[in-house]
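Residue-level listing of the chains:
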Amino acid sequence: MPGQSVIPFGPQHPVFPEPLQLRLVMKEERVLEAVPALGYMHRGLEKLAETKDYAQNVFLMERVCGICSFMHSLCYCQALEDLMGIEVPPRARYLRTIWAELGRLQSHHLWLGLLADAFGFESLFMECWKNREIVMDLCEATTGNRVIISGNAVGGCRRDLEPSVLKEIGRRMDDLERGLDRVAPVFQDDPLIKQRTVGTGIITREEVIRLGAVGPVLRASGVAQDMRQLGYAAYGELDFRPVVETGGDSYSRLMARLGETYQAIDLVRQALRRIPEGEVLPKVKGRPEGEAVSRVEQPRGELLYYVRATGKPQLDRVRVRTPTLSNIPPLVRMLEGCRLSDVPVIALSIDSCVSCTER
Amino acid sequence: MSEVFEMLRVLSANLGRGPATRRYPAEKRAIFPSSRGRIESVIENCIFCGVCQKRCPADCIVVNKAERTWNLDPYQCIVCGVCVEVCPTKAIAMRTEYRKPRSERTPLTHHQEPGPREGRVEG
Ligand code: SF4
Ligand code: SF4
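Chains as they are written, first to last, in our numbering: chain E, 982 to 1340; chain C, 1282 to 1404.
Note that these hints are calculated values from the structure, not bench results.
Among the clues, some could well be false.
As the list claims (entries may be wrong) - Under the rule of at most 30 Å between Cα atoms (straight-line distance), these lysine-lysine pairs were calculated in the DSSO-like manner: (1) Lys1335/C to Lys1111/E; (2) Lys1371/C to Lys1346/C; (3) Lys1175/E to Lys1033/E; (4) Lys1309/C to Lys1148/E; (5) Lys1111/E to Lys1175/E; (6) Lys1309/C to Lys1266/E; (7) Lys1293/E to Lys1309/C; (8) Lys1293/E to Lys1346/C; (9) Lys1293/E to Lys1148/E; (10) Lys1033/E to Lys1371/C.
What the hints assert, rightly or not - Computed spacing ranges between beta-carbons, pair by pair: (11) Glu1366/C to Arg1024/E: 44 to 50 Å; (12) Glu1149/E to Glu1287/C: 29 to 35 Å; (13) Pro1306/C to Ser1322/E: 38 to 44 Å; (14) Ser1145/E to Arg1310/C: 38 to 44 Å.
Virtual Cβ for every residue (Gly too), placed ideally from N, Cα, C.
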């Protein structure tokens, strides 16, 4: 068309930690249409999962994502526990909640830092990532690794935590909250951040529902839906209400994540207060047979696992649907009509995770 | 005006505090006692049952009963610790320090000399 041009945004772009391409059809400075191109990170993990036995797959599924890896193993284990009729001990459910929320804390801190970096706000970026180190250290101290923490096994948790370690987690949560208190007002009130986020990338409540958005993208447009409401792990026993914003713009998505970061600290504290005594890993007998679907709330939204087994140790099929895949249609909608200079921040505002989307 | 005071407060606090980062490599972070750094074979204890090979999710152990060898591809190992958990004779140990980088990718082969263990069994 005359007067139109196409700008490839990505796959290598400073705001994307991972390769995702958006082909932007431009009319002067305005985006008419954004066409996403996926597939740069495909690793064939679903196929590989069919060759290993169900217990080995826990470690494989953890590697689907390099940020929220714990949630992937959690979702996978829940599907198998459902198939095999395993009752997870209460203490293990609480430990899973603690690790899941630590995972959310580190993921949201990572994103807050990346957002600050996208504005060129380097000191804020460093401050966020400095706080994140508190969580990373906790992960390593409690499980032996920073990101791929391998805390889950089918049936429960692989490690139990000593009372002194649980106390230390609580103490570090105080440090983390103090650190977050220092950066939160900047995200909330800084005029430069507001200029770049308020009123950009707007998506309405009707549109997020129609396009199937999940996670903070959905909740920032006023829909109170969070998979933790299902009450998996220990969430059913904790005081939890989804963080909802109503603006539908990049600023609301930022506020939703900031709110969830505080909420995650609160959930860890609640879990630490209520964690019961007991075993964490019962003996697992039998082989999986049948079909199961499991859903958990990952930092980016709803994660879904479908597992089919035929009574062999190997599974017939493992299907992973990640939140970023669901959030790409809303992203395409958000980008329509925006200015080229706003594309980086809007694209970042869905907090895409490409490696898990393409598995 | 209040912004200026806030800036001065942050500035003076930062001047007194010292850097937030460590002066690596002169200053290293203490290793956590539960860190999963690398696994090591305690070959004297091995009975070559092959359980570790069967359960390893990364297929990086090869046990050969006839030749009494235990092989590990350390670059394929994801240090999950499953082999350490399942070994019936504690013939694999978890260490907190990471493996040092090497310039070629060769598997680590441990060979058990027949003798001491058999002697113990007979005695
Ligand atoms: S290391 Fe342990 S599990 Fe592996 S073959 Fe030897 S005794 Fe068996
Ligand atoms: S630590 Fe895990 S990956 Fe490494 S050899 Fe043992 S079982 Fe295999």
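Evaluation of the provided hints:
no., hint, verdict
1, Lys1335/C to Lys1111/E, "violated, 41 Å"
2, Lys1371/C to Lys1346/C, "holds, 17 Å"
3, Lys1175/E to Lys1033/E, "violated, 49 Å"
4, Lys1309/C to Lys1148/E, "holds, 25 Å"
5, Lys1111/E to Lys1175/E, "holds, 23 Å"
6, Lys1309/C to Lys1266/E, "violated, 44 Å"
7, Lys1293/E to Lys1309/C, "violated, 47 Å"
8, Lys1293/E to Lys1346/C, "holds, 27 Å"
9, Lys1293/E to Lys1148/E, "violated, 42 Å"
10, Lys1033/E to Lys1371/C, "holds, 25 Å"
11, Glu1366/C to Arg1024/E: 44 to 50 Å, "violated, 27 Å"
12, Glu1149/E to Glu1287/C: 29 to 35 Å, "holds, 32 Å"
13, Pro1306/C to Ser1322/E: 38 to 44 Å, "holds, 41 Å"
14, Ser1145/E to Arg1310/C: 38 to 44 Å, "violated, 20 Å"
Violation of the numbered hints given earlier is confined to hints 1, 3, 6, 7, 9, 11 and 14; the remaining hints are satisfied by the structure.
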